[in-house]
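Q: In order, the protein sequence lines correspond to chains A and B. Oh and the first sequence: position 154 is 154 in full-length UniProt numbering, straight run, nothing missing. Oh and the second sequence: position 150 is 150 in full-length UniProt numbering, straight run, nothing missing.
Quick caveat, the hints were computed from the structure, so don't treat them as lab data. Don't take every hint at face value.
One copy or two, either will do: identical chains are not told apart, so a pair holds if it fits within one copy or between any two.
20 Å max Cα-Cα, derived EDC-like pairs, lysine to aspartate or glutamate [as the list claims (entries may be wrong)]:
1. K35 x E170
2. K186 x E162
3. K533 x E323
4. K289 x E551
5. K173 x E162
6. K432 x E345
7. K494 x D194
Now for the letters of each chain:
Number of protein chains: 2
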Amino acid sequence: MADTAEIKVPAAETVPETAPEGTEDKGPSKNELKKRAKEAEKAKKAAEKAAKQAELAAQKAAADVDYAAEFYGKEPLNQSQSRPRRQRTQIASLNPNMDGENVLIRARVQTSRAQGNKMVFLNLRQRIDSVQALLTVTPEKVSKQMVKWAASLQDESIVLVEGIVKKSPEVIKSASVGDVELHLSKIFLVSGLDGRLPFTVEDANRPESEIASNEEVQYKRVLLETRLDNRVIDLRTQTNQAVFKLQSAIGHLFRDYLDNEGFLEIHSPKLQGAATESGASVFKVSYFKGGAFLAQSPQLAKQMAIAADFERVYEIGPVFRAENSNTHRHMTEFMGLDLEMAIEEHYHEVMELIDDLFKNMFRGLQEKYKNEIEVVRKAFPADEFKWRDGPEGTLKLSFREAVDLLVADGVSREVLDDIDTENEKRLGRIVKAKYDTDYFIIDKFPMALRPFYTMPDPEDPTVSNSYDFFMRGEEILSGAQRIHDPTLLIEKMKEKGIEPESMKSYVDAFRMGCPPHGGGGIGLERVLMLFLKLNNIRRASLFPRDPKRLEP
Amino acid sequence: MADTAEIKVPAAETVPETAPEGTEDKGPSKNELKKRAKEAEKAKKAAEKAAKQAELAAQKAAADVDYAAEFYGKEPLNQSQSRPRRQRTQIASLNPNMDGENVLIRARVQTSRAQGNKMVFLNLRQRIDSVQALLTVTPEKVSKQMVKWAASLQDESIVLVEGIVKKSPEVIKSASVGDVELHLSKIFLVSGLDGRLPFTVEDANRPESEIASNEEVQYKRVLLETRLDNRVIDLRTQTNQAVFKLQSAIGHLFRDYLDNEGFLEIHSPKLQGAATESGASVFKVSYFKGGAFLAQSPQLAKQMAIAADFERVYEIGPVFRAENSNTHRHMTEFMGLDLEMAIEEHYHEVMELIDDLFKNMFRGLQEKYKNEIEVVRKAFPADEFKWRDGPEGTLKLSFREAVDLLVADGVSREVLDDIDTENEKRLGRIVKAKYDTDYFIIDKFPMALRPFYTMPDPEDPTVSNSYDFFMRGEEILSGAQRIHDPTLLIEKMKEKGIEPESMKSYVDAFRMGCPPHGGGGIGLERVLMLFLKLNNIRRASLFPRDPKRLEP
Numbered sequence: 001m002a003d004t005a006e007i008k009v010p011a012a013e014t015v016p017e018t019a020p021e022g023t024e025d026k027g028p029s030k031n032e033l034k035k036r037a038k039e040a041e042k043a044k045k046a047a048e049k050a051a052k053q054a055e056l057a058a059q060k061a062a063a064d065v066d067y068a069a070e071f072y073g074k075e076p077l078n079q080s081q082s083r084p085r086r087q088r089t090q091i092a093s094l095n096p097n098m099d100g101e102n103v104l105i106r107a108r109v110q111t112s113r114a115q116g117n118k119m120v121f122l123n124l125r126q127r128i129d130s131v132q133a134l135l136t137v138t139p140e141k142v143s144k145q146m147v148k149w150a151a152s153l154q155d156e157s158i159v160l161v162e163g164i165v166k167k168s169p170e171v172i173k174s175a176s177v178g179d180v181e182l183h184l185s186k187i188f189l190v191s192g193l194d195g196r197l198p199f200t201v202e203d204a205n206r207p208e209s210e211i212a213s214n215e216e217v218q219y220k221r222v223l224l225e226t227r228l229d230n231r232v233i234d235l236r237t238q239t240n241q242a243v244f245k246l247q248s249a250i251g252h253l254f255r256d257y258l259d260n261e262g263f264l265e266i267h268s269p270k271l272q273g274a275a276t277e278s279g280a281s282v283f284k285v286s287y288f289k290g291g292a293f294l295a296q297s298p299q300l301a302k303q304m305a306i307a308a309d310f311e312r313v314y315e316i317g318p319v320f321r322a323e324n325s326n327t328h329r330h331m332t333e334f335m336g337l338d339l340e341m342a343i344e345e346h347y348h349e350v351m352e353l354i355d356d357l358f359k360n361m362f363r364g365l366q367e368k369y370k371n372e373i374e375v376v377r378k379a380f381p382a383d384e385f386k387w388r389d390g391p392e393g394t395l396k397l398s399f400r401e402a403v404d405l406l407v408a409d410g411v412s413r414e415v416l417d418d419i420d421t422e423n424e425k426r427l428g429r430i431v432k433a434k435y436d437t438d439y440f441i442i443d444k445f446p447m448a449l450r451p452f453y454t455m456p457d458p459e460d461p462t463v464s465n466s467y468d469f470f471m472r473g474e475e476i477l478s479g480a481q482r483i484h485d486p487t488l489l490i491e492k493m494k495e496k497g498i499e500p501e502s503m504k505s506y507v508d509a510f511r512m513g514c515p516p517h518g519g520g521g522i523g524l525e526r527v528l529m530l531f532l533k534l535n536n537i538r539r540a541s542l543f544p545r546d547p548k549r550l551e552p
Numbered sequence: 001m002a003d004t005a006e007i008k009v010p011a012a013e014t015v016p017e018t019a020p021e022g023t024e025d026k027g028p029s030k031n032e033l034k035k036r037a038k039e040a041e042k043a044k045k046a047a048e049k050a051a052k053q054a055e056l057a058a059q060k061a062a063a064d065v066d067y068a069a070e071f072y073g074k075e076p077l078n079q080s081q082s083r084p085r086r087q088r089t090q091i092a093s094l095n096p097n098m099d100g101e102n103v104l105i106r107a108r109v110q111t112s113r114a115q116g117n118k119m120v121f122l123n124l125r126q127r128i129d130s131v132q133a134l135l136t137v138t139p140e141k142v143s144k145q146m147v148k149w150a151a152s153l154q155d156e157s158i159v160l161v162e163g164i165v166k167k168s169p170e171v172i173k174s175a176s177v178g179d180v181e182l183h184l185s186k187i188f189l190v191s192g193l194d195g196r197l198p199f200t201v202e203d204a205n206r207p208e209s210e211i212a213s214n215e216e217v218q219y220k221r222v223l224l225e226t227r228l229d230n231r232v233i234d235l236r237t238q239t240n241q242a243v244f245k246l247q248s249a250i251g252h253l254f255r256d257y258l259d260n261e262g263f264l265e266i267h268s269p270k271l272q273g274a275a276t277e278s279g280a281s282v283f284k285v286s287y288f289k290g291g292a293f294l295a296q297s298p299q300l301a302k303q304m305a306i307a308a309d310f311e312r313v314y315e316i317g318p319v320f321r322a323e324n325s326n327t328h329r330h331m332t333e334f335m336g337l338d339l340e341m342a343i344e345e346h347y348h349e350v351m352e353l354i355d356d357l358f359k360n361m362f363r364g365l366q367e368k369y370k371n372e373i374e375v376v377r378k379a380f381p382a383d384e385f386k387w388r389d390g391p392e393g394t395l396k397l398s399f400r401e402a403v404d405l406l407v408a409d410g411v412s413r414e415v416l417d418d419i420d421t422e423n424e425k426r427l428g429r430i431v432k433a434k435y436d437t438d439y440f441i442i443d444k445f446p447m448a449l450r451p452f453y454t455m456p457d458p459e460d461p462t463v464s465n466s467y468d469f470f471m472r473g474e475e476i477l478s479g480a481q482r483i484h485d486p487t488l489l490i491e492k493m494k495e496k497g498i499e500p501e502s503m504k505s506y507v508d509a510f511r512m513g514c515p516p517h518g519g520g521g522i523g524l525e526r527v528l529m530l531f532l533k534l535n536n537i538r539r540a541s542l543f544p545r546d547p548k549r550l551e552p
């Protein structure tokens, strides 16, 4: 295709360096030799001139051929015709020290703006980076037509450009790399558009604050539903490029921490023979002539892995919830960061390890992803996420203490058998005001609020060895010590109306000896949403799924 | 519970350090003072003696109390009563330099063997490590009853033991840590068994070679079906502990390599609004009042991520295939290691990156997981996995060349429009004999054999820009350059009988500009199975799923 076509420079005519053989039989005369030398010299000069012309012609031809295909209305080629192995440059790496260097860059045209008919400014974008490029009519190199064609490129076209890096006289505010610009000599179309953009990436990336403070301009607001309907375009915004870099970072920080703590990564099946945990919110699958269910979490499998002696395990995988709930924080499919570990002495070993994991994650994000966080902040302004990283440790409240805080704040004790979403948020505000932290733990939940596999407290059977973790007043992890004793497990299943026989292989796993163990499950998208204050969980999911959305 | 109970040493009787108040009203005489001093001295000595006795009694009581609960038929406690924060030791870390050290270890009893009524030998196991421990009747410390009780522990009980590390006079062959043994002073039951083991872990771990060469002993063979029915027990074998350590290693090597190459980890939804790729082998899900499908791969989502400018992405996640096939290498759910990347010049960039990824993975496994590979080799003997790591590079055959090799080996060209499983294996043998490698690539598959989204070759439209990777004669990766041009994509969909409207959001992703791109999908369990020669893919999956198995 045009962008990869090898330029074949025509070889200059070969010049005889010495006189042809066979003419020297008798030995030439001195004059004859002189004459020949003169002719040879002349021929050499002519050849050199021809070579120079050929090179110039080739250069011009290359410039024409490379973009002509598109310019004259032909389609860019889909397949590679050759492989010149020329170095491509990333916009992020451009800097004033490269002043004068020739670079080759594939990028999106975010916007293009013609100035007269001799110059066009292009804003070129790669992920979260952008740079200004300009193409100017230049004799023998850049034709008027070429500039006209470049000015007519649709926004979001993908181009390959070649040009010289120039230190820019003043900082270019419209580009993330503002201290250089590119002076282009060539521009090729790699992929064009077939139709109209539902919205421009520039509009989609514009912070609400900028829209609100420039009412006279009447900037277009791109609503969440429109974004999600056209997610591929929406994901191209710098904001979203940064959001998903941070999503990946959370997974990596989770894994790195647990790898260091001797955990093993496992993969458990999502297809289950029986409905797990609670039958109501489980998706049913047609499985050959029978039926199956989608796992609501790797809960059963990871506990079975503990009974199978893996000691400490984690899994990053999708979990499915058939809850017909369309809130800002529910999806039907999300990523679970799950872990489970054997307990040596006390379930607080687990709680403390998870606490350390979270603090490590927060630290890692703020230290290593400052740039991405700042990019997101522009669109989603928020206070820096705060946690207690000092020797006083993370704030840990018992469920009872949490209730007392709410009561002291004016909530009626009668409604506090459970702490609902509203009161969770209120508690978050109380805690923030009193302890200056966006992150805390509630321990010792009432047994009645927890699933059947939760270990009761040894002294008060109405209370359990379980905990929730909170970020900005919303739950992001639920965990507990689990029941590893099959007799107690069966008793608790029956109390919750679950037929032990329906989960036979799970119960059986504990009959053959299992160490005391505990763990927790983290919602990846919730952590991302709350850390960045994205306000809607769908923004933290690449292609979100809810009861009303299965596309794209 | 017994293993964590805090020992409360009874306080020694308190001794009056000074005479009681009130007797000094008039001031005591000198003699009186002397007498009192003497009495005080006497009382002090008596108190010291009493304290010492109390301490000894407490020590003895502790030894008794700690195991008495179990010994006298009581159940081990489920919940932590205290948290003494005593260091626990891993069997793997034991070594002769620790001779004389007192250690505390939680482990499985793999086997126990009484010698007379005064001594019991225990083989203690943690993951892939084991050590021999012995408990001997010792006055004041280990009673006859305690030894008797320990000898009666069922195999696979979990115990907490305390004892002294002793350099062993000769290597103990039955243990993986053979140069030390443990001389126990205490043993507590952490978790016992409720019922009979379906098979012993010792039987399950015994290599076929050992069974075959000891016919007179009549060792029990544990069949695959029995293992899978009781997977939690089967997974406890040293072999399986090593297999899943290696499974985790493959994922980590995959990620580490791609992270270094600038890839972003993504998570795409498994719930799809439309059947993807090929409608026949897709699972249907009840989705509220409608229906959904389980993704057969992240193919569409990862391509859309490229159209969304993520440039290079990978995903590790479950993929679902509703194929009613019960071969040694098919499962209905398996882990896909998927990647997709923008192409700069030529699709071979992708093929070469994947090749480098695989070589890096093989190297990583052999360098960092030698021990685990050796453990598996005992049960599954195999030649070391071979690949060409030198400057000659990986063997790359075109599909045509592969066919020619088979024809030269005697296969009829007529049956070679496709290379079936049988001929794949044959080709593997031919290549191994000719090129001494277990790993190679076939490039340029016929277009007819590939999915609709495969990019045709620029010169020969019957051939495609696609490749498969092979290990030990079985396909482990399928990949290609994809069609990024919507017009060509629609044309190819129609040719394969797919209605473009049924995959609208996928097709639309390419209308708004998408760079040329390619990638591939790796079956994690296949790589693991073939690298280790496990012969059945179910052995490479924690809880395998096939048309007949949804449990455990």
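Q: Check each numbered hint against the structure and report the violated ones by number, ascending.
A: 1, 3, 5 and 6
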